[in-house]
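Single-letter residue listing:
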Amino acid sequence: MEQSWRQAKAAFAAIALPPLAWLLLFFLIPLAVIWAYSFGENTGPVTIDLTGTFANYLRAIEPIYLEIFWKSILIAGLTTILCLVIGFPVALAIAFASPRTKTWLLMLIMLPFWTNLLIRTFALIAVLRENGYVNFALEWLWNNASWAMTLAGFQPLGEFEPLKLLYNNAAVVVGLVYVHLPFMVLPLYSALDRMDRSLMEASLDLGAGHLRTILLVVVPLAAPGIASGVLITFIPALGAYLTPDLLGGTDSQMIANVIERQFKRANDWPFGAALSFLLMYLTFIAIAIQTTLQRRADRRGA
Amino acid sequence: MSEAATPRPRRERPGPLEYLRRWPLRIMVGGTLFFLYLPLITLMVFSFNDSRRNIVWEGFTLKYYEKAFSNASLIEAFTNSLTIAFATTILSVILGALAAVMLWRFRFPGKAAAEGGMALPIVVPEICMGVAMLVFFARVMPLPQGLPWPANLGAIIIAHTSFAFPFVATVARARLASFNRELEEAAKDLGASEWRTFWDVLVPHMKPGLIAGALLAFTLSLDDFVITFFTAGPDTVTFPVKVYSMLRFSISPEVNAASTILIVVTVALTAIGLHLQNRNAQKTKA
Numbered sequence: 001m002e003q004s005w006r007q008a009k010a011a012f013a014a015i016a017l018p019p020l021a022w023l024l025l026f027f028l029i030p031l032a033v034i035w036a037y038s039f040g041e042n043t044g045p046v047t048i049d050l051t052g053t054f055a056n057y058l059r060a061i062e063p064i065y066l067e068i069f070w071k072s073i074l075i076a077g078l079t080t081i082l083c084l085v086i087g088f089p090v091a092l093a094i095a096f097a098s099p100r101t102k103t104w105l106l107m108l109i110m111l112p113f114w115t116n117l118l119i120r121t122f123a124l125i126a127v128l129r130e131n132g133y134v135n136f137a138l139e140w141l142w143n144n145a146s147w148a149m150t151l152a153g154f155q156p157l158g159e160f161e162p163l164k165l166l167y168n169n170a171a172v173v174v175g176l177v178y179v180h181l182p183f184m185v186l187p188l189y190s191a192l193d194r195m196d197r198s199l200m201e202a203s204l205d206l207g208a209g210h211l212r213t214i215l216l217v218v219v220p221l222a223a224p225g226i227a228s229g230v231l232i233t234f235i236p237a238l239g240a241y242l243t244p245d246l247l248g249g250t251d252s253q254m255i256a257n258v259i260e261r262q263f264k265r266a267n268d269w270p271f272g273a274a275l276s277f278l279l280m281y282l283t284f285i286a287i288a289i290q291t292t293l294q295r296r297a298d299r300r301g302a
Numbered sequence: 001m002s003e004a005a006t007p008r009p010r011r012e013r014p015g016p017l018e019y020l021r022r023w024p025l026r027i028m029v030g031g032t033l034f035f036l037y038l039p040l041i042t043l044m045v046f047s048f049n050d051s052r053r054n055i056v057w058e059g060f061t062l063k064y065y066e067k068a069f070s071n072a073s074l075i076e077a078f079t080n081s082l083t084i085a086f087a088t089t090i091l092s093v094i095l096g097a098l099a100a101v102m103l104w105r106f107r108f109p110g111k112a113a114a115e116g117g118m119a120l121p122i123v124v125p126e127i128c129m130g131v132a133m134l135v136f137f138a139r140v141m142p143l144p145q146g147l148p149w150p151a152n153l154g155a156i157i158i159a160h161t162s163f164a165f166p167f168v169a170t171v172a173r174a175r176l177a178s179f180n181r182e183l184e185e186a187a188k189d190l191g192a193s194e195w196r197t198f199w200d201v202l203v204p205h206m207k208p209g210l211i212a213g214a215l216l217a218f219t220l221s222l223d224d225f226v227i228t229f230f231t232a233g234p235d236t237v238t239f240p241v242k243v244y245s246m247l248r249f250s251i252s253p254e255v256n257a258a259s260t261i262l263i264v265v266t267v268a269l270t271a272i273g274l275h276l277q278n279r280n281a282q283k284t285k286a
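Residue numbers (my numbering), protein chains in the order written: chain Z, 1 to 302; chain B, 1 to 286.
Relax, there's no trap hidden among the hints.
Stretches of chain Z that chain B covers, calculated by requiring three or more beta carbons in the stretch to come under 8 Å of a beta carbon on chain B:
{"no.": "1", "stretch": "25 to 31"}
{"no.": "2", "stretch": "114 to 123"}
{"no.": "3", "stretch": "197 to 204"}
{"no.": "4", "stretch": "241 to 251"}
{"no.": "5", "stretch": "268 to 274"}
No wet-lab data here; the hints were simulated from the structure. Predicted model, so just to flag it, every value in this text is computed and none were measured. Note that beta-carbon positions come from the ideal geometry of N, C-alpha and C, so glycine has one too.
Full structure from sequences and hints, please.
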């Protein structure tokens with residue numbers, strides 16, 4: 001049973017004060033300042049007047065910025081779907097592996113997650129660039145295919161053109177999937193691992209195929225894990241800065257890149273503050289949707 | 001990890017549920033691991049390649065490691081990153097442990113708000129937190145410029161602690177859920193003071209959680225680019241920020257060498273942390 005704070009005031013103060021004070025001073029106050037700035041105006045190179053204007057928010061919903069918001073949501077959504085499609089079978093295979101293999105596979109999935117995000121993105125650039133590995137392999141295949149065609153008496157294929165795999169929207173999605181896949185696999189795995197297997201066995205015994213069993217039995221049972229996996233993939237993908245910055249082209253700006261520009265080069269802090277808070281509201285909406293769905297699912301289950 | 005490590009009784013018969021034995025899933029798992037590791041392994045292997053641009057193997061060399069080690073600004077950035085990560089870990093473990101005990105032990109007005117506030121740094125997009133820290137240290141609480149090392153890293157350490165300690169609190173609190181409150185009462189009945197009960201009864205129980213939390217805080221700090229990018233001044237460069245600026249100018253194998261060192265350091269630390277955690281888990285079980 002929890003103790004009332006009144007029963008041990010001194011202990012409560014000693015325990016609660018440091019973390020609460022830190023949170024207030026070094027987290028909530030900075031956010032509050034940004035929030036206040038989002039209703040302000042630039043009146044000089046370094047002065048911002050808090051005039052209570054909504055102009056920054058009105059500017060943020062102009063078509064050009066709305067489009068960037070929409071694009072960020074689409075890219076994050078596509079990333080989440082791809083992570084789910086790739087991550088679900090992987091999590092399923094791990095959950096049903098032998099304990100020893102399971103430990104190893106989990107370790108292998110988690111290891112890239114511990115290595116630096118910037119280094120992983122940089123490594124991906126080296127693989128995808130025009131004289132990188134993927135193009136190297138494709139060129140080899142192309143030349144062999146060309147050789148095979150001449151053997152068969154056809155015209156050889158033309159010169160190999162390296163694919164432009166970097167600096168476009170597809171590269172951003174590939175990069176985000178690469179970075180966020182472990183985020184998806186781990187919650188899926190823990191949901192699948194806890195699942196009551198006898199239900200699957202019953203479904204298989206009663207004549208349903210594997211695909212049917214997975215779609216109609218496993219997926220509904222693992223729904224909470226799927227929902228939390230989707231959420232923890234979608235949120236960081238939506239606010240991603242580094243991946244679109246390094247892998248994207250001129251038209252693959254996501255919302256975080258626009259915010260960065262307002263605070264650094266454009267030096268328009270109030271507008272950047274408004275965009276930051278809009279991104280934060282989007283995040284909260286995503287969390288609220290997930291919580292509501294979860295609650296509804298819990299009620300149905302109870 | 002410790003959960004996965006404990007073997008669970010399972011039927012020996014190769015059942016229909018052994019999905020890892022089916023080839024479509026084998027291809028899927030293999031393909032995913034290939035996708036995850038190919039870039040990293042390529043990066044590590046080619047840090048030893050004796051060629052600047054080519055992806056063809058030209059021979060083994062350590063010259064990029066020599067270059068990286070003689071690059072004073074790279075070494076400085078690396079030292080800064082490790083110092084920041086250590087300081088962040090210590091602060092985060094203390095604050096996180098206190099926050100976990102506060103939420104676990106007490107009933108107090110505004111508890112729901114405190115819980116929500118603790119969860120905020122985990123969910124707020126890092127770009128938002130980055131700009132908030134930029135504005136805070138530029139306008140609200142400017143730290144004096146030109147402090148001697150390591151005091152000049154203060155702003156970054158504060159920013160990292162703010163996002164890392166709620167993670168430690170979450171892990172430590174999950175661990176406290178298995179604590180038997182009667183032990184605490186027994187210690188107090190037997191005359192232990194608040195402090196002794198905390199230090200000799202609660203903290204030992206929380207230890208595996210705190211080690212896991214410390215590991216998490218260390219990696220989060222070492223890994224962070226975005227928040228540091230906004231908080232760092234021109235004279236306080238961390239390793240990710242340095243690598244980022246090197247990448248902007250040119251892709252040189254020196255970055256491969258430096259990255260390989262960081263990967264090895266992180267993997268080694270993670271392995272040590274997991275080992276300690278497993279040993280602790282076994283000790284508590286025995």
